[in-house]
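> Residues per chain are reported as follows:
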Amino acid sequence: MSLTPQVSDILKNYESDNPGTKANLVRLLNTGKLAGTGKLVILPVDQGFEHGPARSFAANPAGYDPHYHFSLAIEAGLNAFAAPIGMLEAGASSFAGQIPLILKCNSSNSLATEKDQAVTGTVPDALRLGCSAIGFTIYPGSEYCFKQMNELRELAEEAKAAGLVVVVWSYPRGPMLDKAGETAVDICAYAAHMAAEAGAHIIKVKPPTDALSLPAAKKVYEAEKIDISSMEARVRHIVQSSFAGRRILIFSGGEHADTKSLLETIRAIKAGGANGSIIGRNSFQRPKKEALALLSEITDIFKG
Amino acid sequence: MSLTPQVSDILKNYESDNPGTKANLVRLLNTGKLAGTGKLVILPVDQGFEHGPARSFAANPAGYDPHYHFSLAIEAGLNAFAAPIGMLEAGASSFAGQIPLILKCNSSNSLATEKDQAVTGTVPDALRLGCSAIGFTIYPGSEYCFKQMNELRELAEEAKAAGLVVVVWSYPRGPMLDKAGETAVDICAYAAHMAAEAGAHIIKVKPPTDALSLPAAKKVYEAEKIDISSMEARVRHIVQSSFAGRRILIFSGGEHADTKSLLETIRAIKAGGANGSIIGRNSFQRPKKEALALLSEITDIFKG
Amino acid sequence: MSLTPQVSDILKNYESDNPGTKANLVRLLNTGKLAGTGKLVILPVDQGFEHGPARSFAANPAGYDPHYHFSLAIEAGLNAFAAPIGMLEAGASSFAGQIPLILKCNSSNSLATEKDQAVTGTVPDALRLGCSAIGFTIYPGSEYCFKQMNELRELAEEAKAAGLVVVVWSYPRGPMLDKAGETAVDICAYAAHMAAEAGAHIIKVKPPTDALSLPAAKKVYEAEKIDISSMEARVRHIVQSSFAGRRILIFSGGEHADTKSLLETIRAIKAGGANGSIIGRNSFQRPKKEALALLSEITDIFKG
Amino acid sequence: MSLTPQVSDILKNYESDNPGTKANLVRLLNTGKLAGTGKLVILPVDQGFEHGPARSFAANPAGYDPHYHFSLAIEAGLNAFAAPIGMLEAGASSFAGQIPLILKCNSSNSLATEKDQAVTGTVPDALRLGCSAIGFTIYPGSEYCFKQMNELRELAEEAKAAGLVVVVWSYPRGPMLDKAGETAVDICAYAAHMAAEAGAHIIKVKPPTDALSLPAAKKVYEAEKIDISSMEARVRHIVQSSFAGRRILIFSGGEHADTKSLLETIRAIKAGGANGSIIGRNSFQRPKKEALALLSEITDIFKG
Amino acid sequence: MSLTPQVSDILKNYESDNPGTKANLVRLLNTGKLAGTGKLVILPVDQGFEHGPARSFAANPAGYDPHYHFSLAIEAGLNAFAAPIGMLEAGASSFAGQIPLILKCNSSNSLATEKDQAVTGTVPDALRLGCSAIGFTIYPGSEYCFKQMNELRELAEEAKAAGLVVVVWSYPRGPMLDKAGETAVDICAYAAHMAAEAGAHIIKVKPPTDALSLPAAKKVYEAEKIDISSMEARVRHIVQSSFAGRRILIFSGGEHADTKSLLETIRAIKAGGANGSIIGRNSFQRPKKEALALLSEITDIFKG
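Protein chains in written order, with the numbering used here: chain A, 1 to 304; chain B, 1001 to 1304; chain C, 2001 to 2304; chain D, 3001 to 3304; chain E, 4001 to 4304.
Bear in mind the hints are in silico, worked out from the structure with no lab data behind them.
Glycine included, every Cβ here is placed at the ideal spot set by N, Cα and C.
It is possible that part of the hints are untrue.
[Stated by the list, open to error] Derived Cβ-Cβ restraints for the label pairs, each shown as a range:
id	chain 1	residue 1	chain 2	residue 2	range
1	E	N4150	A	A161	26 to 34 Å
2	C	Q2098	E	E4114	42 to 50 Å
3	B	P1124	A	E224	54 to 62 Å
4	E	P4175	D	I3074	39 to 47 Å
5	A	N18	B	K1218	44 to 52 Å
6	A	D178	C	N2018	31 to 39 Å
7	D	K3219	E	P4175	36 to 44 Å
8	D	P3215	B	G1130	36 to 44 Å
9	D	D3210	B	K1218	48 to 56 Å
10	D	D3210	C	E2114	19 to 27 Å
11	C	K2022	A	A161	55 to 63 Å
12	B	P1124	A	A161	22 to 30 Å
[As the list claims (entries may be wrong)] Restricting the straight-line Cα-Cα distance to at most 25 Å, the calculated cross-link-like pairs of lysine to aspartate or glutamate (DMTMM-like) are:
id	chain 1	residue 1	chain 2	residue 2
13	C	K2147	E	E4050
14	B	K1147	D	E3154
15	E	K4033	E	E4050
16	B	K1219	A	E222
17	E	K4260	E	E4224
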């Protein structure tokens, strides 16, 4: 199968990567309903680790079973399924070759006393489980940010040599940022740019608000009249901050969205030129049928 | 000998493991009185390290001798014997091949100034001593939890490559948890789930109370009407939190149980669908004859 | 092509380096408009990482695209382009062989809580991207200085063995230094000397003021009547402090310079006997045509 | 030479060790006046490192010379000589093969600001110097105890693979222990047990007093009526706490003992069933002739 | 050339070292005016790193050039030249084989916030630069002492295996020591002894005063009537504390000495039986002719 122009164009941006990594990028882009469009929707399931099992799965108890999520991602025609090592081990063989896997290599939890994460997965783990990519979270602004970037460097160097794709969750937090600052548009753009500079192939950030957090940045946004008035404009700014669109950029769905506002955000992400979404609790916390319907709407938006 | 359906079903859940690890899982499941039932009772003896020799063994001084515990586990028809490196070295040759061994790779002690553990055993140690598994304790909630999970990752990656089984003791403690919180049902379920996500093959937690500790979790338990009214229901919830029963789950006996309440707990563990128990002080702190009688009652419950 | 006397003389100062490193020094010195003169002008683009994308690139949005900077450096006839791993990966193949690359191996950012940097690039990264050199920042005076020097030692040992050039950004800061102290001439000279002692091939410091910061140093400067009255004299002193000119010494442009004062500083750097300049925001934050004109003036000064 | 029954019996307790370690155990047990008895007297000389040279050697200045101690141990017919790397290097060739050597791998000093030790010797050092064993100190109760146990694990794993014997000095100290607590019998027994659990072949503790330090332990000692009324009884309890005598247990001489009380302690150590003594300052701080006389009395007690 | 008896006698003290290290010891002892005498005078130039370039070299600006120091050491007929990696790299090829080199592997600086050092050179660096020895500073009494001793162990193990000599600068400092304590005779003797115990081949300490710093040591010095009344007597005591003269012991010149008092100290060092001196600022901070004259006087004293 020859590549579509969209995938071909994206691939050109990864000019320094080896054929192994390029092949895995193609796997991610050529799977599911969005195959060939250059767009991605990914199912991430690390919420049990981060928030606890009942808070994540009690609303739809089928989700306690790792196989449910593999199936959901496959049936919904998504591009990839991302999870920590334990959940992937529980289904990687049953669903081998049916959907690209992303090994989420570090995780935090709600009992933790510090704004850090444990590294629970490695590149050899990703390889033996047949993954196409590793995932890693950094907290720019946290007192552990340099440590996390050092860990990312080690994992990314090994992953790239092994032909894997590197996905970076860039979630700002820490003493310089209040709650509003964590999703301020200057901070989200900075978070995306840091991930790009640190060598990510795929960048995941949160949908930004129109707040501006760093005074020195605010001055520039106002002086240069950067358009941050709509979600679409903000997304476009973050695409630009990701090496002028040379890096695949995807957004999380947000925690408290109702379906309508979620779909509005998805439309803005599409309109702003980003590559897609990661949809976790918004999909697996409702019955499968409803989840498939919602994910169908989302992939339709990105296709359209 | 072909596998029983119970063991065969359990084995399917470890679909990503190599034949070496599968063989060691079979060794654990096909040893002793519970062979073939899919249930396990394990004798752990690290209390001398954790609490001191007299507090552990003075009540039944035969227990000062490591050989006593090997014999006790073998005569009682248990599935495995778990201990730190020194105790295993003292008997691993005399009892070679007679019972599966679990090398407890980290240990704390009662003189320690911090909620952490020292790593005293390694995967090469486990292999040269003929062990089937390594054991490792994490303290979710402790300020050392990320460090411990990082240590677990390194040991587990090496153990899985070497065909060993990974048993995780998941014991929550730390600044966010008071004494009651350490055994609250939401916390125990979370502890089991974290061990599963971190890649444990076998998970050991404490029997949960009906307390709910994290406010955000409590809200969900109440909204979703999760049944935590009986020990059996709570055990079932923790089985569910262990990847919907895809991971072997065993419970410790608890410190102050009299025999009657201990057996009640065992019955609830069985009824709730968990795989077994770890019985330490409740067995080796009484005369051998009484211990064998008690362990016989316990294995009978799991068999029945 | 045989070497010019200027390049040949410089090369003699690197008498302990292997032919690989010498070849890369020649690549740096024999590229662009200043080829053969023994002078260098380098384009560094890590400001997006250090200060955020909008503060760095909004004034000239073409700069959001990594390819823009490769092109700018090549068209301006500069000696090298320096950037973090992500930006280099985005263009290293398109522009392969057209300009020597310096992989900036560590970076800080404006959300950081500590005066440190993350190591985001490695020697294998530099080699696979076709770089001639690695770049590394140390903060003499910071509580992380020993840590950074240790990291530099590891990277430099590996880089020298691999035939790469080691460029050290030596930027003093920390509890003993107020803002004025960071650019005081005694501190700049000390910063250059530390980089030389630590094994740098090329040293980058900031243009010094005539302030004297350390009391013990001030006494010596006054007693020995060291001339620090003009920028030219101060540059000459720092050249002397870099092993009497045996190490290539270049200066940054400074943050708030208008074009006129920037060119004055460049003239003083030339007159004082240093080897060149690193020009970042002063070039890429204006339209390309203006940037090329400015860089042309600068290279003309160094040639003249 | 065939083994005596005593040595043969001891060797059986080291059933998990390789022939190399067994051979070195035999070397330790079959050297000197106590050869074949299963008893050991060892000369340790690390007091210069721990307390300074004058405090250690001025009383008998011959002791400034490392060769003096090799000679003293050999002439006295002791089982082994233990010292840090520098002192062993100074005589290991002159006295090669004349007495088993123990490389003391970590040391503290009287200028130290923390209750820790530096690791100054390694397993390769022990091997190249012809040593039969490594020695390592842990401080149970210290805030560095887990770190020290981790260091011990690494050294012990390497030593056992190389056929060396592992001797652990287990000296409790730290915030939970006052001066009396450091030698309380429950604490000494616990210290010996921890060393056994951590995999020591030979355990060295201090002679215990009849104090009981941990309240939870005290309760058990009283309830179980453990006999701690005499030094002999206490030694017997510590032998029991060392895996019921399966590990070689030796005692230090104590700092302020006069000769008479020292010999009384030695007799109690013998009577209580321990394997021997380490005699440092009590031997080398007196003239050689007196030291030989004293050591002769001590070996006679153990022989008798 | 056969060895002189003096060198031959010294060599016997290094009985555990391999022929490579012995050959390098001979190189150090058989170079320059003192060849064959068993005495050494070494030129160390790390003051630019430690105190800054102007404070070190402005008094005699020829010293800004690394080649000056190589020449000075060679022309003065010294035994060796010691410097950090950068300074050695700048001249090691021009002066290859003309004088033994000591790579000073760690260095502090005057902007540092902690009593520690950075490791800037390695054993592979020493080998590729043709060095005969590595040099390393420890600060007994500092909170970094154990860390430094651990670093020394790693470097020394590697250096000895590679046939290099290990020179230890032992400079006490830290919370337990006031300024006078740092050079008190008990502390200097202890510092020399620690370096010997840690495995140094050559020990460098500062000339001691007649102060006694540690109360427990003071008691012994007075009780044993250790002669500390003259510099000669104190030097003799420190020779004794260095394994009764089995380790080469050299002294620094001291910071504020005028030439006369410096020469007096040198005479006392000779008379006390030490092996030589390290002369840095006292030589290179005066014009070359004067420096050569002074160094000639010093070597004459050691020869005489």
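> Would you pick out the hints that fail for this structure and give their numbers low to high?
When the structure is compared with the hints, numbers 6, 10, 11, 15, 16 and 17 turn out to be violated.
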